[in-house]
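Participant: Here is how the chains run, residue by residue.
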Amino acid sequence: MNTWKQVRIPLLAFVFTAVVLVLVRVILVTAFSTKQKDSSQFPELTVQMAALIEDN
Amino acid sequence: MNTTEKASLKIKDIRYWLLGIVAGLQAICLTLVWKADDTGHFGMSLLFLFAIGSLTWEKRDNLKFESEVLPSIVGIGLIGWVLWESANLADGNIMRLLPFASALGVALLASGFKGLKQYWQELIILFFLGAPSVIASLLFDIAPLTAKFSAFLLHYFGFDVVSQGVFINLPGGGIEVTDECSGLDTIIYTLSISVLALVMFPVNRAKRFFVPIVAIIIGFIINAIRVVMLAIFAASDKAAFDNWHGGQASYLYGMIGILVFGCFYWLLLQQEEKSQSIRSSD
Numbered sequence: 032m033n034t035w036k037q038v039r040i041p042l043l044a045f046v047f048t049a050v051v052l053v054l055v056r057v058i059l060v061t062a063f064s065t066k067q068k069d070s071s072q073f074p075e076l077t078v079q080m081a082a083l084i085e086d087n
Numbered sequence: 012m013n014t015t016e017k018a019s020l021k022i023k024d025i026r027y028w029l030l031g032i033v034a035g036l037q038a039i040c041l042t043l044v045w046k047a048d049d050t051g052h053f054g055m056s057l058l059f060l061f062a063i064g065s066l067t068w069e070k071r072d073n074l075k076f077e078s079e080v081l082p083s084i085v086g087i088g089l090i091g092w093v094l095w096e097s098a099n100l101a102d103g104n105i106m107r108l109l110p111f112a113s114a115l116g117v118a119l120l121a122s123g124f125k126g127l128k129q130y131w132q133e134l135i136i137l138f139f140l141g142a143p144s145v146i147a148s149l150l151f152d153i154a155p156l157t158a159k160f161s162a163f164l165l166h167y168f169g170f171d172v173v174s175q176g177v178f179i180n181l182p183g184g185g186i187e188v189t190d191e192c193s194g195l196d197t198i199i200y201t202l203s204i205s206v207l208a209l210v211m212f213p214v215n216r217a218k219r220f221f222v223p224i225v226a227i228i229i230g231f232i233i234n235a236i237r238v239v240m241l242a243i244f245a246a247s248d249k250a251a252f253d254n255w256h257g258g259q260a261s262y263l264y265g266m267i268g269i270l271v272f273g274c275f276y277w278l279l280l281q282q283e284e285k286s287q288s289i290r291s292s293d
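In order, the protein sequence lines correspond to chains A and B. Counting from 32, one number per residue, gives the positions in the first sequence under the numbering used here. Counting from 12, one number per residue, gives the positions in the second sequence under the numbering used here.
Don't read these hints as lab results, they were simulated from the structure. Bear in mind the structure is a predicted one, so any value in this text is a computation, not a measurement. For every residue, glycine included, the Cβ atom is placed at its ideal position computed from N, Cα and C. A few of these clues could be false.
[As the list claims (entries may be wrong)] Okay, the calculated bits of chain B under chain A, using three or more residues with CB under 8 angstroms as the criterion:
1) 34-40
2) 77-88
3) 97-104
[Stated by the list, open to error] The list that follows gives simulated cross-link-like pairs (lysine-lysine, DSBU-like), each with its CA atoms no further than 35 angstroms apart:
4) Lys128(B) <-> Lys23(B)
5) Lys125(B) <-> Lys23(B)
6) Lys46(B) <-> Lys70(B)
7) Lys23(B) <-> Lys75(B)
8) Lys125(B) <-> Lys70(B)
9) Lys285(B) <-> Lys218(B)
10) Lys36(A) <-> Lys128(B)
11) Lys249(B) <-> Lys46(B)
12) Lys36(A) <-> Lys70(B)
13) Lys36(A) <-> Lys125(B)
14) Lys36(A) <-> Lys23(B)
15) Lys125(B) <-> Lys75(B)
16) Lys75(B) <-> Lys36(A)
17) Lys128(B) <-> Lys46(B)
18) Lys285(B) <-> Lys70(B)
Required output: the full structure, derived from the provided sequences and hints.
Facilitator: Spelled out as structure tokens, the structure:
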């Protein structure tokens with residue numbers, strides 16, 4: 032029982048360190064994530080360009 | 012006692028370690044919700060965490076922190092799963108389960124199986140923050156029911172409506188009630204708020220059962236009114252339909268649902284107070 036009490040604080044410190052490491056990773060990924068650009072307009076753009084070329 | 016001795020005492024106190032772990036885990040969960048761009052759930056998470064913080068602060072001196080080896084291993088396992096999923100940037104249903112799993116893990120680590128009942132209020136609140144939406148999304152599809160009820164409301168208001176499955180057609184146009192429009196989010200918001208209200212401001216035992224049912228009905232009706240408005244806009248004013256469909260507008264209906272439920276619960280508490288004062292004067 033005494034051994035468990037002695038082990039408990041280092042165990043909690045280990046879990047705390049793991050939590051902090053994952054928190055830093057999640058914050059960094061969230062802060063520097065680049066959202067994929069919206070490409071839904073591109074098909075229309077090519078159609079518009081083709082129409083422009085045809086007009087000229 | 013100098014500053015070094017005070018710091019050494021704090022390091023030996025497991026409460027500070029547990030506080031650091033639980034704060035870190037909830038910060039991870041909030042960051043993931045923020046990353047998922049789920050504004051409604053982010054607001055609800057903040058509200059629920061404040062409520063849990065307040066409940067825990069009130070009983071901080073009476074909590075017992077005695078855990079055995081087995082519950083600690085189970086708790087570390089749960090925390091490990093939360094950290095693994097967080098490191099892989101979980102979203103969707105798993106993201107919604109993480110706050111409850113992490114709180115359960117820390118509770119087991121702190122007080123073991125026997126001490127879990129100390130945290131029953133916090134665990135129930137966190138369970139209802141995410142689990143109902145996961146369970147409902149896996150088991151129920153209320154879109155046909157929402158479409159049917161909205162069509163009934165339109166018929167009642169005098170519109171010439173034709174309803175078929177999830178489609179509602181009016182003479183000028185129609186809409187399809189998809190999963191996102193079914194109102195599950197509004198219902199879950201009002202249901203979780205009802206549980207939060209029941210835990211923080213308890214009412215008579217006989218009324219406790221009806222409060223979540225009323226919350227579900229309020230959420231369903233508010234969303235049906237939204238679908239009615241969208242159907243009318245789709246048939247008459249496409250610009251208004253685009254403005255009121257999806258995005259921030261859908262949160263407005265969730266807020267209206269919560270507001271209506273808040274009024275209902277406030278009246279219930281008033282009634283309770285009155286009956287108590289009558290009983291005490293007798």
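Participant: Which earlier hints turn out false for this structure, listed by number in ascending order?
Facilitator: The structure conflicts with no hint, since it agrees with every one listed earlier.
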